[in-house]
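Just so you know, the protein sequences line up as chains A and B, in that order.
With my numbering, the residue at position 75 of the first sequence is 75, and numbering never jumps.
With my numbering, the residue at position 287 of the second sequence is 287, and numbering never jumps.
Some clues are possibly wrong.
Simulated DEER-style distance windows between Cβ atoms [as the list claims (entries may be wrong)]: (1) G217(B) to N660(A): 38 to 48 Å; (2) R16(A) to S145(B): 28 to 38 Å; (3) I15(B) to D72(A): 46 to 56 Å; (4) N86(A) to S145(B): 45 to 55 Å; (5) S145(B) to E478(A): 54 to 64 Å; (6) R599(A) to I15(B): 42 to 52 Å; (7) S47(B) to S442(A): 54 to 64 Å; (8) S145(B) to A508(A): 54 to 64 Å; (9) I178(B) to A508(A): 21 to 31 Å; (10) E390(A) to S47(B): 39 to 49 Å.
Hints in this document: simulated from the structure, not taken from any laboratory.
Just so we're clear, the structure is a prediction, and the values are computed from it rather than from any experiment.
Even for Gly, the Cβ is constructed at its ideal location relative to N, Cα and C.
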Amino acid sequence: MRRVSRKSLELLSRFRGLVLIAILVVTSVVVLAISEVSVLGFIRGGDSPLGLTLGLDLEGGTHLVYEVVPEDGREPTREDMEGVRNIIDKRVNEFGVSEASVQLLGGGVDSVANKVLVQIPGQTGASITLNFGANTVGAETLEAFFQNELGRPDATVRENENGSLTVQLDDIRAEVLDAAGNVVTENEADSWREAIIAHYPVALQVGYVVPQVDPPVISDDTAIDPVPAEDIETLPTLEEVQAAFASVGRSDADVEQVDGAEGLFSILMYGLDITSTDDDGNPILGEDQRILGALREIGSIQFTSRQGTLTQWIEGGGVQEAKAVIGSTAKLEFRYRECGDALAPSNDIPWPPDGLSPEAWDSERCTNPAYFNETATEIDPADLDDAFPEVSQGTIPRPIVTLVFNDKGADAFFEVTDRVSRQGDRLAIYLDNEELVAPGVSSGGISGGRAIIEGGSFTTERVRTIAIQLRSGALPVELELIQERNVDAVLGKDSLQKSLIAGGVGLALLLLFMIAYYKVPGLVAAIALVAYTIMLLGIFKMLPVTLTLSGAAAVILSLGFAVDANVLIAERTKEELRSGRSLLAAITAGFDRAWPSIRDGNMSTIIVAIVLFWFGDRFSTSVMQGFALTLAIGVLLSMFTAFFASRLLLRLLASTGLGNNPNLFVPVRGQSDTSDSVAGGNS
Amino acid sequence: MDIVGKRRIFLTISIVLAALSVVVLGTSGLKLGIDFTSGSTVTYQFSDSETAAADVTGALNDSGHPEAIVQALGDNQFFIRTDDLGVAGLDDVNIEILKLDQGAYALDTSTVGASVAEDTVQNAITAVIVAAIFVMIYIMYAFRSVPSSYKYAFAAAIALTHDVVIVLGIFTVLGIAINAEVNAIFIVGILTVIGYSVNDTIVIFDRIRENVTLAPGREFRTTVNISINESITRSLGTSITTITVIMAMLLFGGASLRDFLIVLLLGVLVGTYSSMFVAAQVLVLWERRSFLPWRKAAATNS
Numbered sequence: 001m002r003r004v005s006r007k008s009l010e011l012l013s014r015f016r017g018l019v020l021i022a023i024l025v026v027t028s029v030v031v032l033a034i035s036e037v038s039v040l041g042f043i044r045g046g047d048s049p050l051g052l053t054l055g056l057d058l059e060g061g062t063h064l065v066y067e068v069v070p071e072d073g074r075e076p077t078r079e080d081m082e083g084v085r086n087i088i089d090k091r092v093n094e095f096g097v098s099e100a101s102v103q104l105l106g107g108g109v110d111s112v113a114n115k116v117l118v119q120i121p122g123q124t125g126a127s128i129t130l131n132f133g134a135n136t137v138g139a140e141t142l143e144a145f146f147q148n149e150l151g152r153p154d155a156t157v158r159e160n161e162n163g164s165l166t167v168q169l170d171d172i173r174a175e176v177l178d179a180a181g182n183v184v185t186e187n188e189a190d191s192w193r194e195a196i197i198a199h200y201p202v203a204l205q206v207g208y209v210v211p212q213v214d215p216p217v218i219s220d221d222t223a224i225d226p227v228p229a230e231d232i233e234t235l236p237t238l239e240e241v242q243a244a245f246a247s248v249g250r251s252d253a254d255v256e257q258v259d260g261a262e263g264l265f266s267i268l269m270y271g272l273d274i275t276s277t278d279d280d281g282n283p284i285l286g287e288d289q290r291i292l293g294a295l296r297e298i299g300s301i302q303f304t305s306r307q308g309t310l311t312q313w314i315e316g317g318g319v320q321e322a323k324a325v326i327g328s329t330a331k332l333e334f335r336y337r338e339c340g341d342a343l344a345p346s347n348d349i350p351w352p353p354d355g356l357s358p359e360a361w362d363s364e365r366c367t368n369p370a371y372f373n374e375t376a377t378e379i380d381p382a383d384l385d386d387a388f389p390e391v392s393q394g395t396i397p398r399p400i401v402t403l404v405f406n407d408k409g410a411d412a413f414f415e416v417t418d419r420v421s422r423q424g425d426r427l428a429i430y431l432d433n434e435e436l437v438a439p440g441v442s443s444g445g446i447s448g449g450r451a452i453i454e455g456g457s458f459t460t461e462r463v464r465t466i467a468i469q470l471r472s473g474a475l476p477v478e479l480e481l482i483q484e485r486n487v488d489a490v491l492g493k494d495s496l497q498k499s500l501i502a503g504g505v506g507l508a509l510l511l512l513f514m515i516a517y518y519k520v521p522g523l524v525a526a527i528a529l530v531a532y533t534i535m536l537l538g539i540f541k542m543l544p545v546t547l548t549l550s551g552a553a554a555v556i557l558s559l560g561f562a563v564d565a566n567v568l569i570a571e572r573t574k575e576e577l578r579s580g581r582s583l584l585a586a587i588t589a590g591f592d593r594a595w596p597s598i599r600d601g602n603m604s605t606i607i608v609a610i611v612l613f614w615f616g617d618r619f620s621t622s623v624m625q626g627f628a629l630t631l632a633i634g635v636l637l638s639m640f641t642a643f644f645a646s647r648l649l650l651r652l653l654a655s656t657g658l659g660n661n662p663n664l665f666v667p668v669r670g671q672s673d674t675s676d677s678v679a680g681g682n683s
Numbered sequence: 001m002d003i004v005g006k007r008r009i010f011l012t013i014s015i016v017l018a019a020l021s022v023v024v025l026g027t028s029g030l031k032l033g034i035d036f037t038s039g040s041t042v043t044y045q046f047s048d049s050e051t052a053a054a055d056v057t058g059a060l061n062d063s064g065h066p067e068a069i070v071q072a073l074g075d076n077q078f079f080i081r082t083d084d085l086g087v088a089g090l091d092d093v094n095i096e097i098l099k100l101d102q103g104a105y106a107l108d109t110s111t112v113g114a115s116v117a118e119d120t121v122q123n124a125i126t127a128v129i130v131a132a133i134f135v136m137i138y139i140m141y142a143f144r145s146v147p148s149s150y151k152y153a154f155a156a157a158i159a160l161t162h163d164v165v166i167v168l169g170i171f172t173v174l175g176i177a178i179n180a181e182v183n184a185i186f187i188v189g190i191l192t193v194i195g196y197s198v199n200d201t202i203v204i205f206d207r208i209r210e211n212v213t214l215a216p217g218r219e220f221r222t223t224v225n226i227s228i229n230e231s232i233t234r235s236l237g238t239s240i241t242t243i244t245v246i247m248a249m250l251l252f253g254g255a256s257l258r259d260f261l262i263v264l265l266l267g268v269l270v271g272t273y274s275s276m277f278v279a280a281q282v283l284v285l286w287e288r289r290s291f292l293p294w295r296k297a298a299a300t301n302s
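Okay, chain A solo, but in the shape it has when bound (with noise of 0.2 Å):
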């Protein structure tokens, strides 16, 4: 009675196991069922196969190594590499790169890192993002046009927080050829731009008053022409409107006159250019502004308002527009410019010098370097405590960079404009060592702490990337990139499927030989390593584990250390049950004897996984390190699996009706004389 009861609780606690198991893979199953899983505020899974988070390999992506290299020579501290990593990281983020990482790479234990690996992942692409204003173009609406008119498949559109639209695509050709070879088009972005604004319309709407003027004085100076009154007193008439719209070479906007009310027009039109820079970002008038001008001869406008305009238009996001970013080192320095002596410093030097007439003396002698000294002033970059991109106020908007300085930054503000204002020398900004602009400060000193910075080649895509250096603040250091990867998204997905497509040609492979050799030890197997590769799959997905091909090759080897340790039980099983023990007491000492060479045989792979893990970021590639940690994750859980599942499933097995034909326990040509002589030989 002891004895029974001894083993149905010996039997009811191994059940235990193979119940944990069953429950890890069913939440494993759950888990890779579920596209996304929150757990405790962590976020895991996407668009992917599965839900796995995937490498650049397997999912396109840019990989980019840059070495640290300090501006004097010295070896880069800790703090050096952890500022470095805080900047980029911010930069990245700022830019809008979507799970990005950043991480040190080259770091041994006496050494400290010394090499930045940025990872982005699916950037290979290119962005636009671009503003109508008053959300009148949807997403969807938008995404369909550069489908079906611009015939880009590959752009999606989302919304973003302010209400913009971000258009991705997977490029953005710097050149179209024809079939001769012949630069068609400079910039397909361009192209899209002159077919947005032409598709879409704009309204405008345009009211005008009666201005309030003091009636025309008559008086005997004929010098003054009278105003006629019929002129200032009435409001434009529709043919008025329309003819100044005609006036700007504009006859095809369809204006109409409000219902009931006098003076007031609605107009739409298409492709209204509102650009305010020529190609070489000197200021131009817009055709907006024209427009206005013609408008506002005709009649005194008391508002206009217009909506559905291409207010915003920013390229990027690309690869190369993201390393302009990242490797920006954003030295910002305020310097005092001491211009050249506007008058002649004594009497015997002709002035001004070199022959230069007054006029030209006056600009050169504060732009030209021969002229000009520069000295560091009070104004540590330090306190700068934002920076933001801006459109100035004014006819013609133009982008500028706002800058906000604490209480420090602005006094030391106050005194350097103070000085360059009274001394009518300049204030010289410089980013990275070169010249941002260099203005003149006319009314005194400014205090307050705001500044703007606005300049003549400013764009919008310039001032944003100036105001993301400044806000990250300077690097202390150089950054020099050493190595790149792009690989294109169709090619990641070509090897993720092809990748999955062998994984389950290998494991069906193994499934086969394993029944069909091993009989029921092999069905074990079978079983086992069905559940094993959920719970893998289900444990990358949460930790999460980020998959790459050679990850994916470590999974598939590590199939193959997981289907040892059942071949080495069944192997030991059918020793035992050789040397004449009953079926289950056969698989108990076939387990006990097979285990410590699954336990030490997988712990030797182990180490060499550490190693390989811990050596791993010395190579400025991640392929090391991610077939590592696959490998260690899949040995461990293999060794766990066999502990739990095969031993409890094989014992289970034996007590059903299976276990009354043992022989289908022995694998098949399992009955070589010396095995005999030996398990005899040993017994």
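Fit chain B to the given chain A structure using the hints.
Relative to the frame of chain A, chain B by itself:
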């Protein structure tokens, strides 16, 4: 099967193979990829089959890269290897390639700077040696119940060195035959081979450990022979299954892992062989020349 008795044959085969490998490695050497030498590689996908490798070579010449090596990969893909293209060099190449085919695009580009490549060889060798040392330490610990466990550790180390050298040797010959280059992932392959080789060796050593404990008085070479015979079906079973999986990946997986998988395949084959025919035999050889508890029995019996 008296495997231990035939150990001279097996050891001779191994020594000859290893010696040949060293000669091949010393003379022609491995074909190093950009991870070791620095430079750039680009894989281009062309839209049709009208472009030939010679056209691509011409385009690269025009873009200022006469040193470029061009290889056709099939499926209208071409693999190009040049000196370090740097930050902007790829654009120049792109323009010339687009003149050949409007629809061509870069599937995979990779650039490794000289400062990275410099350290790679040294790091790779260090990683392999460190892995080997740690594995030896672990074996000494795991086999602490057997007398002179350090012998097991050294025998395993000799076997794994044997495996690595022969795999490198065969790969060198293959490198010439199939244009295989050694890259960072190759080192991963070699370290995996170490892991597999040691795993396999340990399974056999585990049997020896067990049999030594069960029958301490038996002649050591007999114990080793029995242990190998007992393990042989398991070793073959595991090798066959692992090779099945590797073959499935080689046949159905992408081209990018081909060289890595070849290394693994060679590693499994050589590793299985060396566990039985090298590692265990080294133990026997060593035992015969030393003064250990088993030594007396061995001396009288042989």
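Do the hints match the structure? See the list:
Judged by the Cβ atoms, the range 38 to 48 Å given for G217(B) and N660(A) holds: they are separated by roughly 40 Å. A hinted range of 28 to 38 Å for the beta carbons of R16(A) and S145(B) is consistent with their spacing of about 31 Å. Judged by the Cβ atoms, the range 46 to 56 Å given for I15(B) and D72(A) holds: they are separated by roughly 55 Å. Restraint check, N86(A) to S145(B): a C-beta distance of roughly 52 Å satisfies the suggested window 45 to 55 Å.
Taking the beta carbon of each, S145(B) and E478(A) are about 57 Å apart, inside 54 to 64 Å as hinted. One distance hint, 42 to 52 Å for the beta-carbon pair R599(A) and I15(B), is violated here, with the actual separation near 33 Å. For S47(B) paired with S442(A), a C-beta distance near 59 Å keeps the hint of 54 to 64 Å intact. About 41 Å separates the C-beta atoms of S145(B) and A508(A), a value inconsistent with the hinted range of 54 to 64 Å.
A hinted range of 21 to 31 Å holds for the C-beta pair I178(B) and A508(A), which are about 28 Å apart. The given range of 39 to 49 Å is respected by E390(A) and S47(B), whose C-beta atoms sit roughly 45 Å from each other.
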